[in-house]
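**Student:** If you read the protein sequences in the order shown, they are chains A and B.
Take the first sequence: its position 178, counted from the start at 1, is 178 in our numbering, and no numbers get skipped.
Take the second sequence: its position 32, counted from the start at 1, is 32 in our numbering, and no numbers get skipped.
Rather than coming from a laboratory, the hints here were simulated on the basis of the structure.
The model shown is predicted, which means the values in this text are computed figures rather than measured ones.
Possibly wrong hints are sitting among the right ones.
[Unchecked claim] Facing chain B, from chain A, some residues (calculated, C-beta under 10 Å):
(1) Val19
(2) Phe56
(3) Ala66
(4) Ile93
(5) Gln94
(6) Met180
(7) Ile183
[Claimed, not checked] With beta-carbon atoms standing in for the labels, derived distance ranges:
(8) Ala171(A) with Leu13(B): 44 to 54 Å
(9) His167(A) with Gln75(B): 21 to 31 Å
(10) Ala18(A) with Ala71(B): 38 to 48 Å
(11) Gly68(B) with Ala172(A): 14 to 24 Å
Note that the Cβ used here is the ideal one computed from N, Cα and C, for glycine as well.
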Amino acid sequence: MHIPDGYLSPQTAVPLIAVMVPVLGVAANKIKNKMKKKEVPVLAAGAAFSFVIMMFNLPIPGGSSAHAVGAVLLAILLGPWAACLGVSVALIIQALIFGDGGILALGANCFNIAFIMSFVGYYTYKIIKGRAEKLSPRGMAAAFIGAYIGLNVAALSTALMFGAQYHLFQAADGTPLYFMYPIKVAVAAMMSEHLILAGPVEGVVSVLGLWFVGKNYPALLAEGSSLKVREDKGAETYV
Amino acid sequence: MFKTYRKLWWGLLALIVLSPLGLLATGTAFGEWSTEELIDEVGFIPAGLSKFADFWQHVPLPDYSVPGLAAGFTQSAVGYIFSALVGILLVVLVISVFYRIVRNQED
Chain A
1 MHIPDGYLSP
11 QTAVPLIAVM
21 VPVLGVAANK
31 IKNKMKKKEV
41 PVLAAGAAFS
51 FVIMMFNLPI
61 PGGSSAHAVG
71 AVLLAILLGP
81 WAACLGVSVA
91 LIIQALIFGD
101 GGILALGANC
111 FNIAFIMSFV
121 GYYTYKIIKG
131 RAEKLSPRGM
141 AAAFIGAYIG
151 LNVAALSTAL
161 MFGAQYHLFQ
171 AADGTPLYFM
181 YPIKVAVAAM
191 MSEHLILAGP
201 VEGVVSVLGL
211 WFVGKNYPAL
221 LAEGSSLKVR
231 EDKGAETYV
Chain B
1 MFKTYRKLWW
11 GLLALIVLSP
21 LGLLATGTAF
31 GEWSTEELID
41 EVGFIPAGLS
51 KFADFWQHVP
61 LPDYSVPGLA
71 AGFTQSAVGY
81 IFSALVGILL
91 VVLVISVFYR
101 IVRNQED
């Protein structure tokens, strides 16, 4: 899902950088004003988890590969803004140091993998969980489904960015200038990989991660993040 | 402040050690083909793509490998583990420094 440089036109890549700057600015502000000091190691560990879990490539029949991201797990622990920032840090380091994802494409990659995935996954999780406990069967199911949906919407957004290039940017002789397949092909390829394989893996990884944190540091789950406020009946609302 | 969550760091260390499992999937992800792979995959390199593909060439550990350390699975695995370690240290460093900077703005 890490778009390399050259696959997106500058007309697509640059505006997405312009979108992500204020988004990350808001995230930084939320962390500055609301995050407790003791949550910072959790953010660091969560972003590091996201970094390393993305290295676990899953083989896709037909010679492709995909991977989980861990953004929704981080969003469940610390809220979607913190997850968005943490995963963006991982993506920036992947691009600069390891050449995984382009530099011009960083805005697009942070938008899809950090922003879209954290928020879509988190709110899907919240709706399904309702007022159930985080480690209850319903809470775990909500984490699985939230992670599954979050990853797949991120993959869909990536596929739409890819495919749009084919239709919008062609040379005078009709050959594509950037990404070279129509939107249908991009969506079919990306979605089959993520719906069938990477999505379920993302769900399992998130549930296991949540269980691991809950088992070792129950207070982290019980308190909820300081980036959320508690309502009287135990449900948390994000601010 | 990192001692509080010792088990999270042990868990991450385990993932670093296990990371070479990710090398077993040798296929390139959809839409992430290198320019050389594009020839096989698509048959041509789009003009705009070739213009921007090498926009950034200063990658010290390309594809999570240590340059010169890629002969066979064992060497790749060592490079992959080293990359995971470096990457995690950098992520933790960036977030720690970032937090210190935003907190200090208040004083």
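**Student:** Tell me, in ascending order, the numbers of any earlier hints that this structure violates.
**Tutor:** 1, 7, 9 and 11
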